[in-house]
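Novice: Chains as they are written, first to last, in the working numbering: chain A, 1 to 230; chain B, 1 to 547; chain C, 1 to 97.
Hints listed in this document are in silico derivations from the structure and should not be mistaken for laboratory results. The structure displayed is predicted, hence computed values, not measured ones. Note that CB positions come from ideal geometry on N, CA and C, so glycine has one too. The reader is advised that the hints may include incorrect statements.
[Said to hold, decoys possible] 20 Å max Cα-Cα, derived DMTMM-like pairs, lysine to aspartate or glutamate:
(1) A:128 x A:202
(2) B:111 x A:202
(3) C:69 x A:202
(4) A:135 x A:152
(5) B:111 x A:77
(6) A:135 x A:202
(7) C:69 x A:27
(8) B:521 x A:27
(9) A:135 x A:149
(10) B:111 x B:239
[To be verified] Label-pair ranges, simulated between beta-carbon atoms:
(11) B:457 x C:67: 53 to 63 Å
(12) B:226 x A:133: 19 to 29 Å
(13) C:49 x A:172: 48 to 58 Å
(14) A:59 x B:521: 25 to 35 Å
(15) C:45 x A:150: 24 to 34 Å
(16) B:324 x A:80: 30 to 40 Å
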Amino acid sequence: MSTAEPDARTQPVASKLRPWGLAHHFESLSQQQDASYFGMWIFLVQEIMFFGGLFTAYIVYRTANPTAFALGSDSLDLTLGAVNTAVLIGSSLTMALAVWAAQTGRRRTIVVFIILTILLGGVFLGIKTVEYGHKWHEHHVPGPSFHWDGPEARGVQMFFNLYFAMTGLHALHMVVGMAILAAVAVWAWRGAFTPGNHNLVEGLGLYWHFVDIVWIFLFPLLYLLGRHAG
Amino acid sequence: MSSNETAPTNYLNADYGVRSWLFTVDHKRIAILYLIAVTFFFALGGLMAVLIRLELATPAGDLVQADVYNRLFTMHGVLMIFFFLIPAIPGVLGNFLIPIMIGAKDMAFPKVNLASWYVYMAGGLFAAWSMLHGGVDTGWTFYTPFSTAFSNTYVISTAIGGFLAGFSSILTGLNFIVTVHRMRAPGLTWFRLPLFVWSLYATAIVQILATPVLAITLVLLIAERAFRIGIFDPALGGDPVLFQHLFWFYSHPAVYIMILPAFGVISELVSAFARKRIFGYRVVAAASVSIAVLGFLVWGHHMFVSSQSPYAGVIFSLLSMLVAVPSAVKVFNWTATLYEGSVSWETPMLYALGFIGLFTIGGLTGVMLATMGIDIHVHDTYFVVAHFHYVMVGAVLMAYLGGLHFWWPKITGRMYPIFWSKISALLVFVGFNLTFFPQFLLGYLGMPRRYHAYPDEFQVLNVLSSAGATVLGVGYLIPLVYFFWSMRYGKRAGDNPWDAFGLEWETTSPPPTFNFPATPKVTLEAYDYTGRAEARLARTQPVRSSP
Amino acid sequence: MSERHHVTGLAVYLAVFLALMVFTAVTVWASFVHLGPFNDLVAMAIAFTKATLVVLFFMQVRHASRMAKITVVAGFLWLAILFGITLTDYFSRGFLG
Chain A
1 MSTAEPDART QPVASKLRPW GLAHHFESLS QQQDASYFGM WIFLVQEIMF FGGLFTAYIV
61 YRTANPTAFA LGSDSLDLTL GAVNTAVLIG SSLTMALAVW AAQTGRRRTI VVFIILTILL
121 GGVFLGIKTV EYGHKWHEHH VPGPSFHWDG PEARGVQMFF NLYFAMTGLH ALHMVVGMAI
181 LAAVAVWAWR GAFTPGNHNL VEGLGLYWHF VDIVWIFLFP LLYLLGRHAG
Chain B
1 MSSNETAPTN YLNADYGVRS WLFTVDHKRI AILYLIAVTF FFALGGLMAV LIRLELATPA
61 GDLVQADVYN RLFTMHGVLM IFFFLIPAIP GVLGNFLIPI MIGAKDMAFP KVNLASWYVY
121 MAGGLFAAWS MLHGGVDTGW TFYTPFSTAF SNTYVISTAI GGFLAGFSSI LTGLNFIVTV
181 HRMRAPGLTW FRLPLFVWSL YATAIVQILA TPVLAITLVL LIAERAFRIG IFDPALGGDP
241 VLFQHLFWFY SHPAVYIMIL PAFGVISELV SAFARKRIFG YRVVAAASVS IAVLGFLVWG
301 HHMFVSSQSP YAGVIFSLLS MLVAVPSAVK VFNWTATLYE GSVSWETPML YALGFIGLFT
361 IGGLTGVMLA TMGIDIHVHD TYFVVAHFHY VMVGAVLMAY LGGLHFWWPK ITGRMYPIFW
421 SKISALLVFV GFNLTFFPQF LLGYLGMPRR YHAYPDEFQV LNVLSSAGAT VLGVGYLIPL
481 VYFFWSMRYG KRAGDNPWDA FGLEWETTSP PPTFNFPATP KVTLEAYDYT GRAEARLART
541 QPVRSSP
Chain C
1 MSERHHVTGL AVYLAVFLAL MVFTAVTVWA SFVHLGPFND LVAMAIAFTK ATLVVLFFMQ
61 VRHASRMAKI TVVAGFLWLA ILFGITLTDY FSRGFLG
C-alpha cells in the first residue's frame with residue numbers, strides 16, 4: 001500500500017483565480033449555470049410526462065363519461081378554485097421576482113420574495129384543504145364511503161378519482177417545492193447567491209412555474225367543464 | 001485491491017475505506033458501485049432462472065407448485081429488467097466512460113449521479129424485501145385488475161421498488177444528456193463523439209421521456225390497490241386496457257433503454273478489433289436517435305390480443321416494422337466495417353460477433369411478432385419468450401460482457417486470463433443458443449409461457465433448454481471468478497492494451513480521479529485509425545493516439 | 001449562450017402577471033357561455049396561452065438557448081404522442097360498429 005503522495009496528474013487543473021462557488025468539474029461559472037438551467041429543464045420534461053399519464057386517463061374517461069364529468073365538475077366550488085388560481089399565479093410572480101432579485105444581486109429582496117412565495121403557496125394549500133374537507137363531508141371522496149345522489153354515480157366517482165389524484169399530486173409537488181424554498185431562503189439570507197451564481201434560485205423558480213402551469217390546465221379541466229350546461 | 005509502491009495515484013487508490021466509496025462523487029467509483037449492485041441482482045435473478053429451468057426439466061409440476069412458479073418468473077422478470085438490464089450498461093460502463101470519452105472531469109451533476117445509485121439501491125431493497133416475504137405473482141407487467149384486486153402477494157412493495165428504480169434511471173439519463181451537451185472537451189464536436197456516447201445519449205432521451213409514465217402508472221396502481229381509487233379496475237368503472245397503454249408506453253421504449261447502449265458497445269468493439277472507422281459513422285449515430293424516437297410509436301404491438309381496436313393494431317404493426325430499418329442499418333454497417341478490416345479475435349470481439357448474430361435472430365423474430373397474424377398465433381407462447389431473450393440476453397448481456405472485457409483493463413488496470421475468457425465467451429454463446437433456440441420451436445408448437453407443467457411431448461426440447469441453461473450458467477460463473485482473480489493477480493494492462501482509438505485509452509489505467517492531467521484537445525475524427533497512424537509517424541516517437 | 005443571462009425588467013413581469021389574471025377571468029366567464037363543443041376548445045386555448053406566457057417570460061425561455069427551446073417543445077410533443085396514439089385506439093374502437 002502506498003501512502004498515496006498526491007500525484008501532479010491527479011490534481012485539478014491549477015486554479016487561476018477560480019471563482020467562488022464553481023464546482024471542481026466545471027471550467028467556468030457560465031458552463032456551470034448553463035448545465036444547471038438545462039438540467040432543470042430536462043427534469044421538467046420528465047415531470048410533463050409524469051403528469052401526462054394522469055392527463056391521458058382524464059381524456060379517456062371524460063370521453064367515455066361526458067355527462068358524469070360535467071356533474072362532478074359542477075359540484076366543485078368554483079369561487080375557491082378561481083381564487084386559488086389567482087393565488088398560485090401570484091406566487092409565480094413573486095417567484096419570478098425572487099429570481100430577478102438574485103440576478104441583480106439584491107440579497108434581502110430574494111429572501112422577501114421567497115417568503116412571499118411560500119406564504120402564497122400556503123394560502124393555496126389552505127384553500128385546497130378546505131375544499132377537500134367539503135368533499136369529505138359530502139361523501140364525494142372515492143372509496144367505500146362514496147355517495148352520489150343522482151344518475152351516473154360510477155362516472156362521477158371516476159371524476160373524483162381523477163380529481164383527487166391530479167390535485168393531490170399537484171399539492172404534493174407544492175409541498176416539496178415549499179420545503180426546498182424554505183431552505184433556499186436561509187441560504188439566500190446567508191448570502192449564498194450572487195448575480196453570477198444563483199443556479200438554485202433559478203432552478204427552483206423553473207420548478208415553481210411548472211407547478212403553476214400544471215394548475216393552469218387543471219383549473220379549466222376540473223372546475224369549468226360543466227358550467228355552461230348548468 | 002493491491003497497488004504496489006510504483007503505482008501512480010488513480011481513482012482506486014486516491015482514498016481508502018468504505019466511507020470513501022459510499023460518499024464518493026467520482027463517476028468512476030459510482031460505476032464500480034453499480035457494477036457490484038447489478039452483479040448482485042443478476043445473480044439473484046439468475047437463481048430464479050435456475051429454479052425455473054429445473055422445474056421445466058420434467059413435464060409434471062414436481063419441484064414447485066403453480067403459485068411458487070408464478071412468483072419465480074415474476075421475480076426473475078422484475079429483477080432482471082428493472083435491476084439488471086436497465087441499469088447495467090448505462091450505470092456501469094456509461095458512468096465510467098462517458099466523462100472520459102468526452103474529455104471531462106466528471107458528470108455534470110456528480111451528486112445527482114451518486115443519488116441515483118442510492119435511489120436504485122432503495123428500490124432494490126424494496127424488491128428484495130418483497131422477495132423475502134414471498135414475492136409477487138403478477139408477472140413483471142403488473143397487469144390490472146389481477147394486480148390491484150386479486151393477487152395476494154407483495155404487489156405494492158415491488159411496485160415501489162420498480163418506481164424507485166425508474167426514478168434512478170431518470171436521474172442517470174438527465175445526467176447523461178446534460179453531460180454530453182455541456183461537458184465536451186474543446187474540438188469534440190457532435191460528429192466526433194464515440195458511437196457509445198451517441199447511443200447512451202439516445203438512451204437518455206428514452207429514459208427521460210418514457211420512464212415518468214411508468215412512474216405515474218405504478219403510483220396509480222398502488223393507489224388503486226391500497227385506497228381503492230380505481231383508475232383501472234373495471235369493477236370501479238375503470239379500463240384495464242388503459243393500464244396496458246400506459247405501461248407499454250414505458251415498457252416498450254424500455255427495450256431500447258436496454259438495447260441502445262448495447263449497440264454503442266458493439267460499435268466500439270467492432271471498430272477497435274477491425275482497426276477501422278465504423279462504416280457510415282453518421283448513419284449509425286443517426287440510427288440510434290431514430291430508434292429512440294420510433295420506439296415511442298410502437299407500444300401497441302404488445303396489446304394485439306387485448307381489446308385494443310384492430311385499426312390501432314394495424315398502425316402499431318406497421319410502425320413496429322419501421323424500427324427494423326435503423327436496426328438493420330446498424331447490423332449492415334457493423335458487417336461492412338468488418339469487411340477488409342484487420343480483424344483480431346480478442347475476447348471482446350468474440351462477444352461482439354456473437355451479439356451481431358444473436359441480435360439479428362432476435363430482431364427478425366421481432367418483425368414476425370409485429371405481424372398481427374403471427375402474433376395472435378404465438379402470443380404468450382415460448383416463441384415470445386425466446387424472441388425477447390435473444391434480444392435481452394443474446395444481445396444486451398453479450399454486449400455488456402463484451403464491454404466489460406474490453407474496458408476491464410482500463411477500469412482496474414489489470415488483464416484477465418485470455419484463455420479462460422475465450423472459453424467462457426464460447427460457453428456463453430453455445431449455452432445461450434442451446435437454452436433459447438428450442439424455445440422458439442416450443443412456442444411455435446404451442447407451449448404457452450408462464451406454466452409450471454406441460455404435456456409430455458414438449459419434454460425433449462425443454463430438457464435441451466435446461467441443459468443449455470446449465471452451460472450458460474457456467475459461462476457466466478467463469479468471468480465472475482477470473483475478474484475477481486485479476487484484480488489482485490492479473491497482469492498489469494498498460495494504458496492501451498488493445499491499441500484502440502479513443503480518449504479513454506489516452507489516460508492511464510486506471511485513470512486518475514479527474515481523468516486527465518489537463519483537459520484534452522480533440523483534433524481527429526472518431527475512430528480515425530489512419531489519421532492516428534500518420535500523426536504517430538510524423539512524431540518519430542511512439543505517442544498517444546490523438547494529440 | 002450569454003444572452004440567457006439577460007435580466008427581464010420588472011414591468012414585463014407585472015404585465016405578464018396582469019395578462020394571466022385577465023385570462024383567468026376570461027376563461028371563467030367563457031365557461032358560462034353556451035358554445036357547445038367549443039367551450040372545451042376555448043378553455044384549452046386560453047390555458048395554452050397562459051402556459052406559453054409563463055414559459056416564455058417567467059421561465060425566461062424567450063432568452064434561452066435554442067437547445068432549451070427544443071427541450072420544451074420536445075416535452076409537449078411527446079405528451080401529444082402519448083395522448084394521440086392512445087386515443088387512436090379508443091376512437092377507432094367504434095369503427096367495428
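Novice: Hint by hint, note whether the structure agrees.
Specialist: Here is what the structure says about each hint:
no.	hint	result
1	A:128 x A:202	violated, 27 Å
2	B:111 x A:202	holds, 19 Å
3	C:69 x A:202	holds, 17 Å
4	A:135 x A:152	holds, 18 Å
5	B:111 x A:77	violated, 44 Å
6	A:135 x A:202	violated, 37 Å
7	C:69 x A:27	violated, 24 Å
8	B:521 x A:27	holds, 14 Å
9	A:135 x A:149	holds, 14 Å
10	B:111 x B:239	violated, 41 Å
11	B:457 x C:67: 53 to 63 Å	holds, 59 Å
12	B:226 x A:133: 19 to 29 Å	holds, 22 Å
13	C:49 x A:172: 48 to 58 Å	violated, 27 Å
14	A:59 x B:521: 25 to 35 Å	violated, 52 Å
15	C:45 x A:150: 24 to 34 Å	holds, 31 Å
16	B:324 x A:80: 30 to 40 Å	violated, 54 Å
In terms of the numbered hints stated before, the structure departs from hints 1, 5, 6, 7, 10, 13, 14 and 16, listed from lowest to highest.
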